[in-house]
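Enquirer: In case you want the letters, here they are:
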Amino acid sequence: MTMPHTPALQLQGIVKTFPGVRALDGVDFDVRPGEVHALLGENGAGKSTLMKVLAGMYQPNEGRILIGGKTVAIRNPIEAKAQGVVLIHQELSLVPEMSAAENIYLGELPRKSLGRVDWKTLFAKSNAILERLKCRFRAEVTVANLSIANQQMVEIARALTVDARVVVFDEPTASLTDAEKVVLFDIITDLKAQGVGIVYISHRMDEIFTLSDRITVLRDGQYRGTLDTAATNEDEVTRLMIGRSLDLTRHEAPPEFGKTMLEVRNLSCAPLFRDISFSVRAGEVVGFYGLVGAGRTEIAETLFGLRSPSAGEILVDGQPVQITNPRAAIALGISLVPENRKEQGLVLHMNCRDNMTLPQVQDLTSGPFISNGAEIAIFDQYRDRLAIKTPSWKQSASVLSGGNQQKIVIGKWLSMQPRVLIVDEPTRGIDVGSKSEIHTLLRELAAQGYAVIVISSEMPEVLRVSDRIVAMYNGRIMREFDISEVTEDNLVQAISGIKAEEVA
Amino acid sequence: GTVALASAGSAETVRIGITQNNVGIDSYQTTYEQAFIAAADANPNVEVIVLDAGGDVARQISQMQDLIQQQVDAIIIWPTDGQALVPAVRNAFNAGIPVVVTNSNIAEAGMDFIAAFSGPNNIQQGIYSAEMMCDALGGEGQIVQITGMPGYTTAIERQQGFDERLAELCPGVTQLDIQPGDWNRERAQRTMETFLTRFDQIDGVYSGDDNMGVGALNAAIDAGRAEGMVFIGATNFAVGYDAMARGEYWGSVYQSPVDDAEAALQTALDVLAGEDVPKLNYFDTPKITQDNMDEFDRPVF
Amino acid sequence: MSMFSNNPALRWLMHNPIWGFVLLIFVFFSLSADHFFDARNLQNIVVQTSTIGLIALGMTLVMINGNIDLSVGATLALAAAFAVDVQSWAAFATWGNWQILPAVCLALLAGIAMGAINGFIVWKTGVDAFIVTLGAMLGIRGLVFVYTGEQSFYAANFAYSDFSMMSLGPFPVLAVIFVLAVIAVHWLLSRTVHGRNTYAVGGNREAAVNAGIRVGPHMMINFMLIGFLAALSGVLLSTQMGAATPNLGRDYELWVITAVVLGGTKLTGGKGDIIGTLGGVLAIGILRNGMNLMQVPAFYVYVILGSILIAVLFLDKRFNRTQNGGLRL
Amino acid sequence: MLIARLKAGGPTLAKQGILVAFILFMIVFSFMSDRFMTTGNVMSVFRQATIVGVMALGVTIVVIGGNLDLSVGSMLSFATVLVVDLHDKIGPELAVPVMVLATLCLGAVNGFLIGILRLNSLIVTLGMLSVIQGLVLIYSGGQNVDIANQSETWFRVFGRGAVMGIATPIILFVGLALFFHILMTTTAFGRRVHAVGGNPVASVFSGIPRSRIVFLTYLISALCVAVAAMILGSRVMGSQNNVGQGYELQVLAAVILGGTSLLGGSGSILRTVLGVLMLAFIQNGLILMGQPYYTQWLVTWAVIIIAVWLDVAAKRGRLLSPIA
Ligand SMILES: Nc1ncnc2c1ncn2[C@@H]1O[C@H](COP(=O)(O)OP(=O)(O)OP(=O)(O)O)[C@@H](O)[C@H]1O
Ligand SMILES: Nc1ncnc2c1ncn2[C@@H]1O[C@H](COP(=O)(O)OP(=O)(O)OP(=O)(O)O)[C@@H](O)[C@H]1O
Ligand SMILES: [Mg+2]
Ligand SMILES: [Mg+2]
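Chains as they are written, first to last, in this note's numbering: chain A, 138 to 641; chain B, 6 to 306; chain C, 10 to 338; chain D, 64 to 387.
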C-alpha cells in the first residue's frame with residue numbers, strides 16, 4: 138500500500154491489560170486526514186478499548202500515540218479533545234436530567250465571570266450544531282424527553298463542538314432510524330470533505346462497505362491487518378474477523394406448519410399500538426419489522442404480561458387467556474428474550490448458571506434446597522447447544538462478551554421449554570459470527586416445533602429468518618407478507634406508513 | 006423581672022407554658038408530666054401549654070420562642086442543657102415573662118434571669134449516694150460507677166457530687182472506672198458485664214439512677230458475683246425499691262416526680278401571685294435504704 | 010389530569026407537591042392555631058427552620074451529586090464547640106468582642122475540614138458515601154467528646170448570644186443569613202458551571218468522567234460546602250444558646266435528609282433543586298411550630314411526622330409517575 | 064507492594080478480607096489486655112452481641128434484596144415493651160406469640176409500602192422509625208414496663224438461660240445465622256432475593272414476583288427483631304420505651320462491615336456475623352483497656368472505612384479508586 142498522506146493520527150504497539158484480560162495486544166492503527174477508517178472485530182475484540190485509549194480514558198500499558206507525526210501523551214478526555222480527538226461513545230453517555238445543550242458541551246460549558254455559565258453562547262452554539270445535524274428539536278429541551286435516536290444525535294453533536302482532527306464513531310447506528318442514518322452519513326461525508334479523519338466502528342457490513350475507505354480488523358485484542366475497502370469483499374473481511382466464511386443464504390420455507398399456538402385479535406394498548414391481529418403457528422417464525430418506535434416491543438411486553446392491554450384478546454392454543462404478569466405468561470408457555478440484555482435480561486454480577494436457571498429455580502429443588510446437579514445439567518446442555526464461550530458456570534455474566542451474554546439469555550428461555558418464543562432485537566450490537574449462529578439457531582428451533590416471533594429493525598435479519606413478516610408503522614400493522622412475496626421495496630414502503638392497498 | 010407581674014396574678018386565669026426535657030424516655034419524666042397536668046387541671050384558674058423538647062436543645066429553644074410569642078404569663082422549663090438555655094431564658098426575662106426552672110437547674114450565668122428554681126438538688130443527691138456508699142463499704146473497697154447519658158446536666162451533677170464527696174469522705178474507697186449507661190438498663194447491664202470481666206474485685210457499684218442500677222445488679226447476679234456487692238443508685242424506681250425489698254440492692258435517693266411537678270407549678274403560681282419566692286426551692290430527696298424503706302411508698306414508676 | 014396541566018401554576022405544583030403541602034398546612038394552622046398567623050411567629054418559623062435548613066442546602070448539593078452525608082449532625086456539634094470554646098482562649102483574652110471572630114472562623118474551618126476528609130475518602134477509596142459518612146458520624150461525634158471532655162461550653166461574653174437576637178430592620182438576623190444562604194446556593198446550583206456539573210456527576214457519573222469533569226475533586230468541593238454549611242448552622246445555633254453541648258445535632262441528619270427528599274431531590278442523584286428543599290424544610294418547620302402551638306401531645310408528634318413523610322412520598326410518586334415507561338415492573 | 068499483593072490475592076482476599084481483619088484485630092487486642100481472650104469475656108461479648116446480631120441477620124437479607132431497614136431500632140423498642148408488658152397481663156405463653164405477630168404486622172407495613180407500593184426504602188423506614196416510636200409511647204403511656212416475678216418465669220430462658228453451659232441467646236443467634244445462611248445460599252428464595260436486589264427489572268422479566276420477595280424480606284427482618292426482643296426483654300426483665308434507639312445504626316454498621324453491598328444483590332450472612340462480633344469486640348476491648356467509651360467511636364470509624372475499603376479494593380484489583 139502506498140501512503141498518499143501522512144496520517145492524522147497513529148497508534149503504535151498499543152497494549153492494554155485489565156485484571157485477567159489482555160484486551161489489546163500490540164495493536165497498530167492509523168487514520169489519515171479525510172478518510173473513513175472502519176474498525177472491525179468480534180464482540181470483545183478490543184475495538185472500544187482501543188478507542189478509549191485514544192480518547193484518554195484509558196492509559197495504555199505499552200505503545201505510543203502520534204498526532205501529526207509527534208508523540209503525545211493523552212491523559213484525559215479533555216486533553217484528547219484539545220488535540221482534536223473526539224469519541225462518540227458506544228453506550229449513550231448522557232445526563233438525562235440536563236438540557237441537550239449542556240450535554241453537548243458537558244465538561245466544557247462556556248463561562249462568564251464568577252464561574253457562571255454563559256447560557257446565551259451555550260444555546261446559540263448548540264442550536265447551530267443541531268441545525269447542522271438537521272435535528273428537529275431545540276438545544277433547550279431536557280435529554281430525558283428525547284427519543285433514543287435523538288439522544289444519539291445529541292451524542293453525535295458533541296463531535297462538532299471542536300475543530301476535530303479525528304472523530305471516532307463507536308457503533309453510532311445501533312438505535313438510529315434509517316432517516317437519521319442518512320443524516321449521519323451526510324455529516325460524516327461532510328467532515329471527511331473538511332479533511333477530518335473518521336474512525337467508524339460497526340457490526341453492519343453494508344454500512345462499512347458504503348462508507349469506509351479502509352478497514353482494519355482486530356481479533357482477540359490483536360491486529361489482523363488493514364484492507365482497502367475497494368479491493369476487498371465481505372467474505373474476506375469476515376474470514377479475517379472470525380476465521381471462517383458465513384452462509385448467508387435465505388432459508389427454505391418448510392412445507393407446512395403445525396396448529397396455531399398464539400393468536401392475537403384486535404389488541405390495543407393506547408397510545409402505543411392499536412388493533413393488532415396476527416397469529417403464529419408451531420414451526421413458524423414470524424418476523425416483526427418496523428422502525429424504532431413502531432411499537433413492536435410493546436406488543437411483546439403485553440404478550441408477556443408486562444403491560445395491560447386496553448382492548449382485544451389473546452388466545453393461546455385456541456383458548457382466550459388473561460396474562461397479568463410474566464409468571465402467567467411463563468405458565469402458558471410464552472418466553473420473551475427482551476430487547477435490552479443488560480437491563481432486562483441479566484443479573485449482571487450473578488454467575489452464568491444462576492442467570493440461566495433464574496425463571497425456574499423454584500422448580501429445580503430436591504427437598505427445600507436447589508438441586509445443584511439439575512442446575513448444572515441445564516447449564517451444560519444449553520452451553521453446548523448454543524456454543525456459549527465461558528470458562529465455567531461460575532463466571533459472572535458481567536465479564537462475558539455481548540454475544541455470549543445474549544446467548545445466556547436465549548438459553549435461559551429455551552430451557553423453559555416454551556411453546557411460543559419471542560425474541561426482541563436478538564442481535565443488536567452483536568458481531569456477524571454470533572449473529573449468524575443465532576439466526577441458524579432460530580431456524581432450528583422453529584424446525585423443532587416452536588412458534589417463534591422475531592422482532593428486528595434489520596431488514597436482512599427478518600428476511601433471513603422469517604416465514605412471514607409483519608410490517609408495522611406507528612403502532613399499527615401495515616401489512617403481512619409471506620416470505621415468498623416480500624421484496625425489500627414493498628417492505629420499506631410498508632414500514633414507512635404507505636398503505637398496504639396502495640402497495641398491493 | 007417580678008415587679009411588673011405582681012398584678013397578673015389575681016383571680017383571673019393564668020396561662021403557664023412548660024417545656025420538658027424528654028417525656029417518654031423514662032417513667033420519671035412521664036409521671037412528672039401526668040402529675041403536672043393533673044395538678045393544673047385541679048386548679049380552675051390555671052391553663053397550661055405542655056410541650057416536650059425530645060431531648061433536643063435546639064427544639065427547646067424554639068419552644069421557648071413559641072411560648073414567648075404566645076405571651077404566656079409564666080414559663081416552666083426543664084432544661085435539656087443547663088448552659089445552652091441561658092439566652093433563651095434571658096429572652097423570656099427581657100420579654101417580661103417570669104421563668105421557673107424545674108428538676109435540673111440552669112447554669113450560674115442564667116440565675117439572674119429566672120424567677121426561681123424548683124427541683125431536687127442533683128449535686129446533693131450525688132453526695133448522699135457517696136455517703137451511703139462509704140457507709141456500706143465501711144470506708145474500704147473498690148467501686149465502679151455507671152453514669153447517665155453523657156453530656157446531660159443531671160448526669161454530670163450527680164457524678165460531680167458523688168466524686169467530690171467520696172474523695173473527701175472516704176479516701177479508702179477507690180473508683181476503678183466510670184462508664185456511661187445512657188439511662189438505659191440494657192446498656193448498663195452490658196457495661197457492668199465488661200466491668201465484671203475486667204476487675205476481679207468489685208465491692209460497690211454506683212449508678213446514676215436505679216434503672217441502670219438494676220441493670221448492673223442483673224449482670225452481677227448472672228455472673229454469680231452479686232453476693233456482698235453494694236449497689237447504690239439514685240432516683241428510686243419501683244424496680245429498685247423491689248430489689249431493695251429482696252435485699253439485693255443497698256440504697257438509693259428517693260425522689261418523687263409528683264412532688265417535683267407539683268412544686269414546680271406551685272412555685273410558678275407563687276411567683277405570679279407576687280409572693281416572695283426564694284431563688285432555690287429544693288424539694289426534699291432523702292436517702293432510702295433497706296433499713297428505712299418502710300417509711301416510703303413504693304414508687305409508681 | 011388534563012384540567013391541571015392547563016394552568017401553569019397548578020402544573021408547577023404537581024411537580025413540586027411539597028409546596029402544595031406547605032400551603033395546605035399553612036392555611037390549616039392559620040385557621041386553627043391562635044398565634045400562628047402573626048408576624049413574630051412567622052419570623053420564628055424562619056429562624057427555627059434555618060438550623061436544619063442551612064444543612065439541607067448542603068445536603069441538596071451532595072445528594073444531587075449522588076452522594077449523601079450522614080455526619081452533618083456531628084459536624085454541627087464540633088463547630089458549635091469550637092465557636093464557643095475558642096472565644097475563651099487566653100490568646101484572644103484582650104480582643105474584646107473581636108475574640109468571637111477567630112472562634113467563628115475556626116469553627117467554620119473545622120466544618121470545611123470534616124467535609125474535606127469525607128470527600129477525600131470517598132474520592133480516593135471509592136467506598137460509598139453512605140458508608141464513609143456513617144463512619145464519620147460516629148467518629149466526628151467521638152472527636153466532639155474528646156474535645157469537650159463531655160462538658161458543655163458556654164460563652165462568657167453575652168455579645169455572642171445577643172447576635173442571635175439582632176434584627177436588620179424588621180428581619181431577625183438569623184433569618185436574613187438563612188435567606189442569603191438559600192439565594193447563594195440556589196445561584197450556585199442553577200447558574201454556575203460547578204452547579205451544572207453537580208447535576209452531571211449525579212445524573213450519570215460515567216458520562217461526566219467521559220466528558221473530562223474531574224469527578225473526585227468536584228465531589229470533594231461539595232462535601233466541603235456541606236461541611237461549611239453544617240458548621241455555619243452550628244455556629245448560629247450556638248449563638249442562640251450562648252453555649253455548645255456535645256450532644257447537639259443528634260438525629261439532624263435524618264431530618265435533613267427527610268426535608269431534602271420531601272423537596273423532590275432524588276436519592277440516586279442528578280435531580281433536585283433548592284426551591285424544593287426550601288419547601289421541604291419549611292414543611293417540617295411549620296408542622297413543628299404549628300403542633301407546638303396546638304399542643305399536640307409529644308407522643309402523637311412522632312406518629313404524625315412519620316406518617317406525613319410517608320404520605321408525601323406516596324403522593325409524589327402518584328403525581329410524577331413517569332418511571333418504567335408504563336411497564337408493570 | 065500492597066497493590067501487587069492485592070492484585071495477586073484479589074479473589075481470596077475479597078472473600079476473606081473481613082475474616083483476616085477480624086483475626087488480626089483479635090490478636091492485637093489480646094496483647095493489649097490479658098482479660099480479652101478469656102473464655103468468660105469472649106462468651107460474655109458474644110452474648111452481648113446477640114441482640115444486634117440477630118437483627119443484623121434480617122437486615123442483611125433486606126439489604127441483599129436491594130433495600131434498607133432503619134426502622135429496626137424502634138421496632139425493637141415496640142416488641143420489647145409489648146412482650147414485657149403483656150408478660151404479666153396475659154402470661155408469657157400468649158405474650159410471646161402476640162408480640163411476634165404484632166411485630167410481623169409492622170414488618171408487613173414496611174413490606175407493603177416498599178415492596179408493593181415501591182416507595183423508597185430509606186425514607187419509608189425513616190418515617191416508620193418515627194411512627195413506631197410514637198406508637199410505643201402511646202401504648203405504654205410513656206411508662207417503663209417491668210416483669211414482676213423475675214426469678215420464676217420461664218420467659219427468662221431466652222436471655223438468661225443456658226444449654227450445656229452455652230447461653231441461650233448465643234444458641235439462638237448461631238442457630239438463626241446458620242438457618243438464614245442456608246436459606247440464602249441454597250434455596251430458591253435466597254436466589255430470588257439476590258436476583259431482585261441485583262437487578263429488579265431483569266427479575267421481573269424472569270417471572271420473579273418481585274413485590275412478594277421484597278415483602279418477605281421485611282417480614283424476615285421483623286421476625287429477627289421479634290427474636291431480638293425476646294432476648295432483650297428476658298435479659299433485662301423490663302423495658303424502657305426507647306430501648307432500641309440507635310440500634311438501627313449499629314445493625315447497619317455491622318452489615319456494612321460484613322461487606323454486604325448497599326446496592327443490593329450481594330452479601331453474606333456469615334460475614335455479617337463477623338461484622339457483628341467485630342463491633343462488639345471493639346467496644347469491649349477498648350473498655351477493657353480503660354479507654355473512655357467515646358474512643359470506641361473513633362476506632363469504629365477507622366475500622367469501618369479501612370475494612371470496606373480493602374474489601375472494595377480487592378474486588379476491583381487496585382487500592383485507589385479509579386475516580387479521577
Ligand atoms: N473496564 C474493563 N475491565 C475489565 N475488562 C474489560 C474492561 N473493558 C473491556 N474489558 C474487556 O476487554 C475486552 C475488549 O472489550 P471491548 O469493549 O474493547 O470490545 P469491543 O471490541 O468494543 O466489543 P463490542 O463489539 O461488543 O463493543 C473484552 O474481553 C472485555 O471484557
Ligand atoms: N413517540 C416517541 N417519542 C419519543 N420516544 C419514543 C417514541 N416512540 C418510541 N420512543 C422510544 O424509542 C424507543 C424504542 O421504541 P419502541 O420500543 O416503542 O419501538 P419498537 O418498535 O420496539 O422498536 P425497537 O424494538 O426497534 O426499539 C423506546 O425507548 C421509546 O421510549
Ligand atoms: Mg465496543
Ligand atoms: Mg423495541
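Note that these hints are calculated values from the structure, not bench results.
Certain hints may be false.
Each computed BS3-like pair below joins lysine-lysine, with the alpha-carbon atoms no more than 30 Å apart [said to hold, decoys possible]: (1) Lys-479(A) / Lys-133(C); (2) Lys-207(A) / Lys-329(A); (3) Lys-133(C) / Lys-257(A); (4) Lys-133(C) / Lys-280(C); (5) Lys-249(A) / Lys-326(C).
Label-pair ranges, simulated between beta-carbon atoms [unchecked claim]: (6) Arg-230(B) / Pro-226(C): 36 to 44 Å; (7) Val-36(C) / Ser-214(D): 56 to 64 Å; (8) Ala-47(B) / Phe-242(D): 31 to 39 Å; (9) Gly-157(A) / Phe-175(D): 42 to 50 Å; (10) Met-89(D) / Ala-511(A): 36 to 44 Å; (11) Glu-145(B) / Gly-204(D): 43 to 51 Å; (12) Gly-150(A) / Leu-241(D): 50 to 58 Å.
All residues carry an ideal CB built from backbone N, CA and C; glycine is no exception.
Enquirer: Now tell me if each hint is right for this structure.
Expert: To see whether the hints hold, each was checked on the structure:
| no. | hint | in the structure |
| --- | --- | --- |
| 1 | Lys-479(A) / Lys-133(C) | 28 Å, holds |
| 2 | Lys-207(A) / Lys-329(A) | 22 Å, holds |
| 3 | Lys-133(C) / Lys-257(A) | 37 Å, violated |
| 4 | Lys-133(C) / Lys-280(C) | 25 Å, holds |
| 5 | Lys-249(A) / Lys-326(C) | 38 Å, violated |
| 6 | Arg-230(B) / Pro-226(C): 36 to 44 Å | 57 Å, violated |
| 7 | Val-36(C) / Ser-214(D): 56 to 64 Å | 59 Å, holds |
| 8 | Ala-47(B) / Phe-242(D): 31 to 39 Å | 57 Å, violated |
| 9 | Gly-157(A) / Phe-175(D): 42 to 50 Å | 44 Å, holds |
| 10 | Met-89(D) / Ala-511(A): 36 to 44 Å | 41 Å, holds |
| 11 | Glu-145(B) / Gly-204(D): 43 to 51 Å | 45 Å, holds |
| 12 | Gly-150(A) / Leu-241(D): 50 to 58 Å | 55 Å, holds |
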